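Asks: Read off the chains here:
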Amino acid sequence: MSLALIAALPFIGALVAALASRFGRTAATLAASACTATALAAILAYLPQVLAGTVVTTRFDWLPQLGLNAEFRLDGLGVLFAILILGIGLLIQLYARFYLDSSDPYGRFITFLMLFQGAMLGIVISDNILLLLVFWEMTSLSSFLLIGYWNHLAAGRQGARMALAITGGGGLAMIAGMLLLGQIAGSYTLSDILSQREVIQASPLYLPALLLILTGAFAKSAQFPFHFWLPHAMAAPTPVSAYLHSATMVKAGLFLMARLWPVLSGTEAWFLIVATTGLLTMAFAAKVALFKDDLKAILAYSTVSHLGLITFLFGLGTEAAALAAVFHILCHATFKAALFMVAGIVDHEAHTRDIRLLGGLRRVMPVTFVLATIATLSMAGVPLLNGFLSKEMMLEEAAHTAWLGNSWIVPAMATLAAMLSVGYALRFLVQGFLGTSRNDDSYSPHDPSWGLLASPALLAVLVVAIGLMPMTLAAWLVDSASAAVTGATPKAYIKLWHGLESPALYMSLLAFGGGFILLGSYDRLRALWEATPRPEAKALFDTSLNGLTRAARALTERMHDGDLARSFALAIVTMLVLAAYAFGSGSHVAGSRALTPVPLDVGAAWLVLALASLAATVMHHRRLLSLLLVGIIGLILSAGFAYLAAPDLALTQITVEVVTVVLMLLALNFLPATTPRETTALRKLRDGAVAVAAGLGTTLLAFALLTREAAFAPISAFHLAQSKPGAGGTNAVNTIIVDFRGFDTYGEIIVLGIAAILIFALVEGLLVTKWRIIPPATDPDAGDAHPVMLRVATRFILPIAMMVGTYLFLRGHNQPGGGFVAGLVFAIGLVMQYMASGIEWTSARRRYPYQTVIGAGVLIASATGIGSWIAGRPFLTSNYGYFHIPLVGEVELATAALFDLGVFLCVLGAVMLALDAIARLAKGAN
Amino acid sequence: MELLVAIAIGTLTSSGVYLMLRQRSFPVILGLSLLSYAVNLFIFAAGRLAPDLPPIISKTALGYTDPLPQALVLTAIVISFGMTAVLVIMAIGAYLTSGADDVALTQAPTDEGQA
Amino acid sequence: MSNLIIAPIILPAVLAGLLVILRPSIGLQRVISGAGALALCVIAVMLAAQADTPRAYFLGNWPAPFGIALMSDRLSSLMLMLTAALGLLVLIHVASTGWDRSGKHFHTLFLFQLMGLNGAFLTADAFNLFVFFEVLLIASYGLMVHGGGRDRLRAGVQYVAFNLLGSSLFLIALATIYAVTGTLNMADLAVKLPELPAGDSALLRVAAVLVMMVFAIKAAMVPLQFWLPATYANAPAPVAALFAVMTKVGAYALIRFGTLVFPTDLAATGTLIQDLLQPAAIITMVIGAIGVLGSRELPRLVAFSALGSMGLLLIAVSAFTPQATAAALYYLIHSTLAMAALFLLSDLVPNRRDGLTAALFMAAAVAMAGMPPLSGFVGKLLIMDALRASAPLIWTLILLSSLLTMLGLARIGSGLFWKAEAPRPSDSIAPFAPVATALCLSALLALTLGAGPILTWLEATAQNLHAPAAYIAALSLGAGG
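Residue numbers (my numbering), protein chains in the order written: chain A, 1 to 926; chain B, 927 to 1041; chain C, 1042 to 1522.
Do not take every clue at face value.
Said to hold, decoys possible - Below, computed lysine-lysine pairings styled on DSS-like, alpha-carbon distance capped at 27 Å:
(1) B:K985 <-> A:K724
(2) A:K287 <-> A:K538
(3) C:K1233 <-> A:K538
(4) A:K770 <-> A:K538
(5) A:K292 <-> A:K495
Calculated from the structure, these hints are not laboratory results.
A quick note: this is a predicted structure, and the numbers were derived from the prediction, not measured.
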């Protein structure tokens, strides 16, 4: 079976199990186990090949540009881990089936478990370090889900998040490390990388890459100082602890150290970092384990300690040590998984895992006791069990290791760790199972059904069998795995007896003696331990994470507190500073354009504009007044446009101004009439400074532009030249907006149309919403709302406005005017009628709903554009001819005029819909 | 004349910016309107000043001012009208539903807005 | 000259016009806008299929640069596809949750929104780009306050006001460009700017900085990002999902202008844009990540994650190398879909927290945090790979931001799905509500699995962008139509 398919099997299993879970727990388990078993069988089928030294590979391109490909390899190391993952996986599935309560959502559990299994299997058979990263982080994620499985427990949620933060965070560091490693090696394919030891170790990037990769590996394998997540991960259901947190996931870091051992190990840095961390972790965690009361906590710290042991061995960088490490991985997985399952059984039966409340289980749970004894003694390193063999190999290696020239510290630490290990192992057994029960007898624990016992029993058998016959049962697997690590020819000779001259023997004896003494004087040691202050890693982690979260919250809420003025000020200042910088760092030659003289009346108008502008600012608290001042500014601008040869602009500006002012006046009916004085002098000063700077900036920029010519001939020369012959109109501005750049206008009327529809929708919504404020000024019967004179006058004004509008519309193409202005003039006529006669009167006489007018405008403009398709021309290509209309004169009827009709309708509809909406709002207020 | 136009742009910008930096919606809207006047004048200025040379094609014309910026200003005026209208109605809506016309989201809306 | 190029603009406009006039039942509205979005998908794919050589469309049959021209190239068609696909997903969500009933004219505004977006992606004229910005903005104002309510309106006022400042800035920048160069067509600028007299360079640099700032506002770059959190968090969730592509308009425009108009080898501007963009992008990413960790509520958290994601995207954009641009485009697709998925989820979560929703949330969070196995991880790797030259600082910050995002998402996710009491499931409400989210995430999965071929296409896109001769040629060759 292809390796890729094997890698996919657990994921398929996850899916199948999720689906099967609706048929019960057994069905889900069977479905999952079938996939796991198939994968295991497929791996075993490769065994002969792999043992013969072949590396099985397979590859598919995924993202070759990056070097991230689906490349898989199976060698001795991969086989060992795959057998552990899948083999123990099967046992766990069986155990979990009986362990979990029927009220637990089992389908979710088995799905997560299979996801994890897939991710883990992926790690060990990846032949691409980026692909390995993908699986690596997936184990963090699936472990997060599994730890938080019992999500009603706060400990579960916190433990899950902590595990994710540490292992996932470590994974992020590893991303950088792997990218660096790939950069050095020129490839992300493991097979390529593994052959480049010299290149890699000579690279200046070696050390950063090493540090980053080790951060990831240490975080995953719970090495000091990242160890603390593992005990908190024990909130997970015990099958998870047994599987992820003893046998497999925590070994991923070890796997990675083994995998990259050929290229990373052997340097001073590697030894100092890896061996020291391992040694420290081994001793430190063993000490903590001695003083824990929760069975699972003891096992967790014990696991950390054993992981430290293996790390230490890899750190030594010798082939013999690597072999010992590989062997201990196998041994530890068997006895520790068994122990976790035993702890789970105890928890299940005695309803507590607190060792202080246990005791005397030997009598009531004899089978469990036997299993516990075998596994515990193996953990302690008692001869004839597999734990003894690998521990002995470790001590042997330690005995020969000097650390920075010091030849006794490593053996001493190793012996100490072994001693502590014996101590906590004995305590686990003695206080948990021997003596008499310290529990109140509300429960009567007894051996569980075969379903729970089968898996640990099988593992216990392995513990004994490997202990007795290591050469037959394990050596070939260990050989092949360590060969894959070190590249050396397999030469393992696992000895039960190292001989009297071996220092390991005496270290071991010392450890046993010490262990018994530790247990004998436990109460005094415990008192000492309780009296010593010690930093609690979880508290430290929680404090820093909470501190970080609080700081993040404070910063975020301070920055994004919704203060619009500050955002404006910051944006404007940024613009000014960047523009000034951009200008200052470029080269500038002042323009040479002659200045235009200023007639006196224009100067006077300018002065009025400037004063009105200032006054509007200073007197902004009086809203009506400032609005009128803004209106005056608009009128002067309109006059200015007229003077400066822009009649179309003048017409548009003045009509828009009228409509805008009307709109704002209506708005003032709803809003407060004055703005309260609420800003401090300092704030005014700041705002004033920003405002003056912005004004200065635009003045300078405008002046620089006004006094120079464009660097290249402006494209408008074409527009002037083609206005008449090409677009059929003498008003170049109009031909630009309806023809040359008609598409801008198309967009512009769409904007207006959307504005009106938006306003309509908004007001409709407002009319059915609760208001906190009822505007007072809209009483229809108050005073002289609709003076008769005005009412009568507007009935005459409307037709006049319509005539003027029509005239402007028709002549627009050649003279100032056009659909837009015409629409506004119509609208103004209608608006005046509104104001004079009131909404009911006008609405009643309104023939078409304004929405339809807008829609029609959009459609007519679109249809005009599309019409050119029929002639085989692009959108908005115009066509025109001249016609004589009485009274108006020579009129050009162009498709552009039809387009202008669309503009006209949109403008009229939009303005009217907006004003109508406000009127409806006023009506709603009553 | 060029200087006057440039200063007019600057003055309108200053007034607009100052009002935009106020706390209440109405002055902010007025400020944005003033800013849009300044911007329209600025775009117009991009075509330079040429009094008496309107871009109406005729045989007697001595020359034409640049028509393109004028067309752009037309588009800009219309768009800013639409935008202003929308902002006005939104501001009214925010005021009616929240009881306060502050533009900042910092201040919790109070029940006693001054109507 | 195929009218297909303009169809993505005209079709939604005509449909929206019809909706305004006919005002049909909500069911028919859904059918019309759904059909529109589907048609846009098809059109976009057809355009993408022909996008190997850029193709021009001359409006009014006027030659460039005198009239307005549209251009369909790989980048444009990519953005069109993304917009149409996202639009369709949002519509499915809206129809399945009934969001469109909570106010008037949802579908009209929605179609106009698509029109504005498509126009912005297609136009080759700088001022026309402004017009389409306004179209898409005003439609977005309408969508943002759809359904009304106090907080939404107050946030809406800010959103509109801030964008009005942006529009003013855009006009000033365009006027400056026209006054200095006498042209508005982007390709024409690309042709003319290398010939610009040295004495004009200071003014052009001002224009360049200002116009890029406009796009930075759209892309929510620090310090112009303030509008984003409140807007996205207060908008109706499906609208916020659609807005995922709005910030991308800013990114699109930055890419287009940064490669076509102001490339780094242009003497007048040089690396000015790049030098300013990159630090801002980095800070944006960090502030977004900090915001994710510091947010209390899901919508606000998602908004900040959107900000952080934009930061990472813009870091890649601001490198302006073909490799980084290709990575940026890949991440752009990812970021849009991931943001949308999370926003849609934020709409589901208050009403349903069953296994399916939890799984969807997990997947979306994984995608957003850039964790394996989804495309966020691939995108992040691509970006990091493309930015090796400046690795230590940028890599560190990228990874730290990922960590903060992951922590923030894990905290809020575990709070929502593990800690909080699950809402009582009610079969009567919206049985199909999760469909759009699921589709969104499926698209992310496809993006992940198909990363190889997709990246190949995007690499060609980036090549075209950084060597725009064909783009320019398409406009001049067709001149005179």
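Asks: If you test the structure against every hint from before, which numbers come out violated?
Replies: The structure breaks hints 3, 4, 5; every other hint is satisfied.
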